[in-house]
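Trainee: Listed below are the residues making up each chain.
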Amino acid sequence: MFAYLRNRILRLGSLDYFYFSAGRWIIVFGVFTALLFMLGLYGSLFAAPPDYQQGESVRIMYIHVPAAWMSLFIYVVMAIAAAIGLIWEVKLAEVIAASSAPLGAWFTFLALATGSLWGKPMWGTWWVWDARLTSELILLFLYLGIIALQGAITDRHNAARAAAILALVGIVNIPIIHFSVVWWNTLHQPSSILRSGKPSIHLQMLWPLLVMALAFKFYYVTAVLLRARCEILAREKNSAWVRGLVQG
Amino acid sequence: MALPNNLSGALRAILIRDVTLTLRRPGELANPLIFFGIVVTLFSLGLGPEVKLLSRAAPGILWVAALLAALLSLEGIFHADYQDGTLEQLLLAPYPLMVLVCAKVAAHWITTGLPLIGLAPFLGILLHLPVETTGVLILALALGTPALSLIGAIGVALTVGVRRGGVLLSLLVLPLYIPVLIFGVGAVDSAAGGLPFAAHIYLLAALLVLSLTLAPWAIAAALRISLE
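From first to last, the protein sequence lines are chains D and E.
Following the numbering used here, the numbering of the first sequence begins with -9 at its first residue and continues without gaps.
Following the numbering used here, the numbering of the second sequence begins with 164 at its first residue and continues without gaps.
No wet-lab data here; the hints were simulated from the structure.
For clarity, every value in this text was computed on a predicted model and none was experimentally measured.
Fair warning: there could be bad hints in the mix.
[Claimed, not checked] Under 8 angstroms between C-beta atoms, here's a sample of chain E residues computed to sit facing chain D: (1) I317; (2) V325; (3) L331; (4) P338; (5) I341; (6) L344; (7) V348; (8) A381; (9) A384; (10) I388; (11) L390; (12) E391.
[Stated by the list, open to error] Derived CB-CB ranges, DEER-like: (13) D/S47 with E/L373: 35 to 43 angstroms; (14) E/V372 with D/F36: 47 to 55 angstroms; (15) D/G238 with E/L375: 51 to 59 angstroms; (16) E/A361 with D/Y7: 40 to 48 angstroms; (17) D/R(-4) with E/A361: 48 to 56 angstroms; (18) D/V21 with E/L375: 47 to 55 angstroms.
For glycine and all other residues, C-beta sits at the position ideal for the given N, C-alpha and C.
With the rest of the complex left out, here is chain E (with noise of 0.2 angstroms):
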């Protein structure tokens, strides 16, 4: 892949040349989706059909499900880049690595955490979510699943020179996913609850920005030793 001469050009490069590779591959972009679902389906039948008690636990189910949706696409952002070069020649390139980085990271959103925050509505109806609390639902969404693919980037970007790294990467990013866990649920469970909600919004927006702030940093960092 030949990047443009000016910046700007080199991260549309990169975001564009990202979500093709995944649009070509269809298979890619659904098996999250697929397994949100099935997640999802698991809970509702350990759980069992009770309508209070799916209703109740609604929020914490899908966004647990989301998240380990978006942990098992994880490995796609640098592994196939890893394996064939490209990811060599990305170091290589005269624009600043943490800066290239957020595109990769932007198309494994769109690629995975944009399809989840569609069908997580849909599911939500199937765990008798109320329908009131889906538009804070997607909000939510919208905000911590981008902070799940920085910080996930950085887990990817420190184990992909390890062999069979997949359960390691989980090791080391979950821990670091339970705070947008905790604000994402907490804001689902007050709008299900009828009270202000507008407070883990905001916390969840600052996660966000701190991890959009921070993360890059960690994340060439990381790669940089890895390709060491």
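In isolation and in its complexed conformation, chain D is listed as follows (with noise of 0.2 angstroms):
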């Protein structure tokens, strides 16, 4: 038992295995992600009654949060692969790790534009430099950085294993970001869903927030496994199976 488990998870890090079974899973994880994104929009734009404060607008939530959400969970993602990766020269982590960063920046950029829709209406402003919204911006930043590095050195490995360093002291910033609602107290409303106790928020506009964000999660499975493809590709792109699969 042990030693067929074994065999599976080495295979699994071989890249030219991963390659042929990823492709068989972004289809299962594709319809998932459809499914639940038709569920989830359904309940957020028609099921889930308008805020009595907020009115139709509140209805951005159910793409600010779980962006929001994503960006901080693809951020873990990354540097957990990285660590993998750096400590047991594992290369499907390295490659798991390098297609997660501009996911995880692109999903951070979507809650910061969402956030600033949202506000507009909400605060009358755009953007305030409150505490959440700042170090929200500072995580696109480490994104940013974490994927400029990847571009500024050739070798891919050395590349994925500086920024794997980069992603690994970048991490201190997260507890920073998710403390900050307790340490600076400014505009943001504290959040609703994770406290203890009862969830603040009522079960018609729960399910639909919760169905998206799943939703979210999905597609960045299936994102993450796409952009593995092409990075393993372009990693392998001297190996003899690349070029058979090339030449057919």
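Two chains, each in its own frame: build the complex with the hints.
Mentor: Next comes the structure, spelled out in structure tokens:
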């Protein structure tokens, strides 16, 4: 049993095996992503009631909050993958970390942009220098720094390892982001879901939010697999199996 | 450079060598200071000569200018040593690299951070910073600038082999400088407003201890990757 599991994991680590099995998983995850988005968008745009204070613009939350969650989640995934790649020299982990960075940056940008769109009618301003907004912006800069470092080093293995160190250094920033709400008491409303005790959000609004969050997660997995396949092809372009793939 | 055959001797040798090398080229010592002065002047010109506005903005201006001056001088930590091969010798030395890099960072702080702290009070006068806050400004800078050198050294170590790594370096390092900036400005701001400032100083000290503990690992690991 143990030997079987070990063999499975070792095979998963080899890039050509992963390339082909990822091709099948993408279909599965892609279908789930589409279904979840249909359900989530129906829930957030039609089923959920408008907020008694925020009106219809509360619906921005169904994109904004999952995107903000993803921005942190992807950073943690990327840092863990980076650490695995750095410590055990697992190539696949390097590939996952490298493929995650641009996705994380886009989710961070999405969270900032939707937050800004929501802020204008609600707070009366596009942008405030409040703790959480600022931390999210810093997170975007951290992502961009990692992407830039990856791009600057030609050797992909070395680039991944350098970016891994930067990701691990930057993860010190993640707790600061999380606790910034507590540290600096400013305009941004405190988180309504991750509180001890009952969530302060009504079930009718909660379920579309959770479905959207799940849809975002599945989208991330699908997208990261797609990117990882491209990254693998670029890394292994001189290997026999990629040559065979290209020549058919 | 032949390293003495004990760790403290090696650390002292690296420290003295790096400081001496900088002192022999006084321009290198003076450039960040001149830059510091020019940036402060630019801010005054950009904001206008109004005393109230300048004195309100002074802590922020001083910290941002000091931070940029420290950033500009960062490349000096490893760059020359990378080009003439000294860095590779350090990697091969029979001492832990993470301890040796501490000596290099300390030398960098002595030749850039320390002069910046000395100049800051005078620039503070130009910006009409209340004179009573000078002590707090010096204390905050004394705690903050070593942390800047330590964090910055990680960035330098990561980009030392990259061609034209200067802009990339600032992209990597500046976001990591933000906590130091926030608490540094917070301390001077509170002092200028007559508020208790101890919390900011404690947080700055905590950041310094944290970076002193963790940065050498990252610097050493980054150097190993860059020199592969």
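Trainee: So which of those numbered hints doesn't the model satisfy?
Mentor: 6, 7, 11 and 16
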